[in-house]
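Colleague: Protein chains in written order, with full-length UniProt numbering: chain A, 1 to 199; chain B, 1 to 199.
No lab work stands behind these hints, which were simulated from the structure alone. It cannot be assumed that every hint is accurate.
Since the list gives no way to pick out one identical chain from another, each pair is judged satisfied if it fits inside one copy or across any two copies.
[Claimed, not checked] Straight-line Cα separation of at most 30 angstroms, DSS-like style, residue types lysine-lysine; simulated pairs:
#	residue 1	residue 2
1	K52	K24
2	K173	K54
3	K124	K60
4	K173	K97
5	K24	K67
6	K97	K54
7	K54	K167
8	K17	K124
9	K191	K24
10	K162	K6
11	K6	K124
12	K24	K97
13	K17	K52
The lines below spell out each chain.
2 protein chains.
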Amino acid sequence: MGYYPKALERLVLELGKLPGIGEKTAQRLAFHIINLSEEEISSLTEALTTAKTKIILCEKCFSITDKDICDICGNPNRDQQTICVVQNSRDIFAVEKTREYNGLYHVLHGAISPLEGIGPQDIKARELLLRIGENDIQEVIMATNATVEGEATAMYLGNLIKPLGVKVTRLAKGIPIGADLEYTDEITLIKAFEGRNTI
Amino acid sequence: MGYYPKALERLVLELGKLPGIGEKTAQRLAFHIINLSEEEISSLTEALTTAKTKIILCEKCFSITDKDICDICGNPNRDQQTICVVQNSRDIFAVEKTREYNGLYHVLHGAISPLEGIGPQDIKARELLLRIGENDIQEVIMATNATVEGEATAMYLGNLIKPLGVKVTRLAKGIPIGADLEYTDEITLIKAFEGRNTI
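Please model the entire structure based on the sequences and the hints provided.
Modeller: Structure below.
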């Protein structure tokens, strides 16, 4: 990189820190960026800064928001007795896209992972239990990832919540819609068989 | 996207304008960015702004640089009688990586493309001819892309330069190193046969 102008080298370095952006992509982006107009650049940098300063966590569900209470928690038309527990704020937007779920959420900001030294105290687990204790909750849907960590977290929290007399459910596992059986991994297939329904 | 905080929505939009960044990637980047520290954000935005303001085009070869004359044009150890003509500044860095070429460059900033309405007047063609006329150039290596536009540009410029008594060459075409014949497209194979060498 010694033959790059310094300012370009630094931009490639900064862009390369972003997730999923390798050196090649960082270079491509950098070369694109130096050809943008000054207005376009300032529009981009302002969006970066504003996103950082304006976005906070909802006091109730810990999802990202630009208000104290997020739009979902603050919406009286949502079912206040159901909480869908997810690992990250992004998961909320994935569920919302389905337009099928009308309850509330709780963002754990992670999952229990003994291997990585992440315990229940490192995620918003205590806050979930407090929230269930203080409100009239009928069902908690564990929508953590279908990974070892996601499963462990769902199991752990489920065992703490069930004694409170609250129904705890877990999202179904199976073959993704549109997928060929042929290309489905065996663990998913096993889960799909286990979870088979009468038609 | 209606359930995104506005500042996040705008960031996703801005990031999505970058080349090769689709909506999914823009979302992933945006969620990463709002979790960065303020120092990390300002480091990134400053790199963006500085790259834009500091980087200019070399007066001689039109490559990107942060000085009036780029490091290559200003290096007396480079062969001053050979010019390698490329479409973009990025191509220079690709050639420099080989550490095999020691001459100068000329960046056209595009290629002739009648279909897109790009003619010789839209690229640094006149500047190349002037440069050849004013300096003692022995060889001009056409290193434009192996595309229709790159070939057309090399042919066009070659026909203008040859009458000046300057040797004009073109990079070889053939099978890329490491590639299987089986997976090489037929046009490349034809070129590889045409350009075959005695061993």
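Colleague: Determine for every hint whether it applies to the structure shown.
Modeller: Here's how the hints hold up against the structure:
For the identical chains of this complex, K52 and K24 are neighbours both inside a copy (26 angstroms) and across copies (19 angstroms), given an alpha-carbon limit of 30 angstroms. When the C-alpha separation of K173 and K54 is checked against a cutoff of 30 angstroms, the pair qualifies neither within a copy, at 37 angstroms, nor between copies, at 53 angstroms. In this homomeric assembly, K124 and K60 come within 30 angstroms of each other (Cα to Cα) only inside a single copy, at 11 angstroms, whereas the closest approach across copies is 60 angstroms. Taking CA atoms no more than 30 angstroms apart as the test, K173 paired with K97 passes inside one copy only; the shortest distance there is 19 angstroms, against 49 angstroms between copies.
Taking CA atoms no more than 30 angstroms apart as the test, K24 paired with K67 passes between copies only; the shortest distance there is 25 angstroms, against 38 angstroms inside one copy. Taking the shortest alpha-carbon separations for K97 and K54, only the intra-copy value of 23 angstroms comes in at or below 30 angstroms, while the best inter-copy value is 43 angstroms. Within a single copy, K54 and K167 get their C-alpha atoms no closer than 36 angstroms, and across copies no closer than 61 angstroms, so neither meets the 30 angstroms cut-off. Taking the shortest Cα distances, K17 and K124 sit within 30 angstroms of each other inside one copy (27 angstroms), while across copies they are farther apart (34 angstroms).
In this assembly of identical chains, the alpha carbons of K191 and K24 lie at most 30 angstroms apart only when taken from different copies (28 angstroms versus 39 angstroms within one copy). In the homo-oligomer, the alpha carbons of K162 and K6 never lie at most 30 angstroms apart, since the shortest distance is 59 angstroms inside one protomer and 37 angstroms across protomers. For the identical chains of this complex, K6 and K124 are inter-copy neighbours only, at 25 angstroms across copies versus 43 angstroms inside a copy, given an alpha-carbon limit of 30 angstroms. In this assembly of identical chains, K24 and K97 lie within 30 angstroms of each other by CA distance solely across copies; the values are 13 angstroms between and 33 angstroms within a copy.
Within a single copy, K17 and K52 get their C-alpha atoms as close as 17 angstroms, and across copies as close as 19 angstroms, so both meet the 30 angstroms cut-off.
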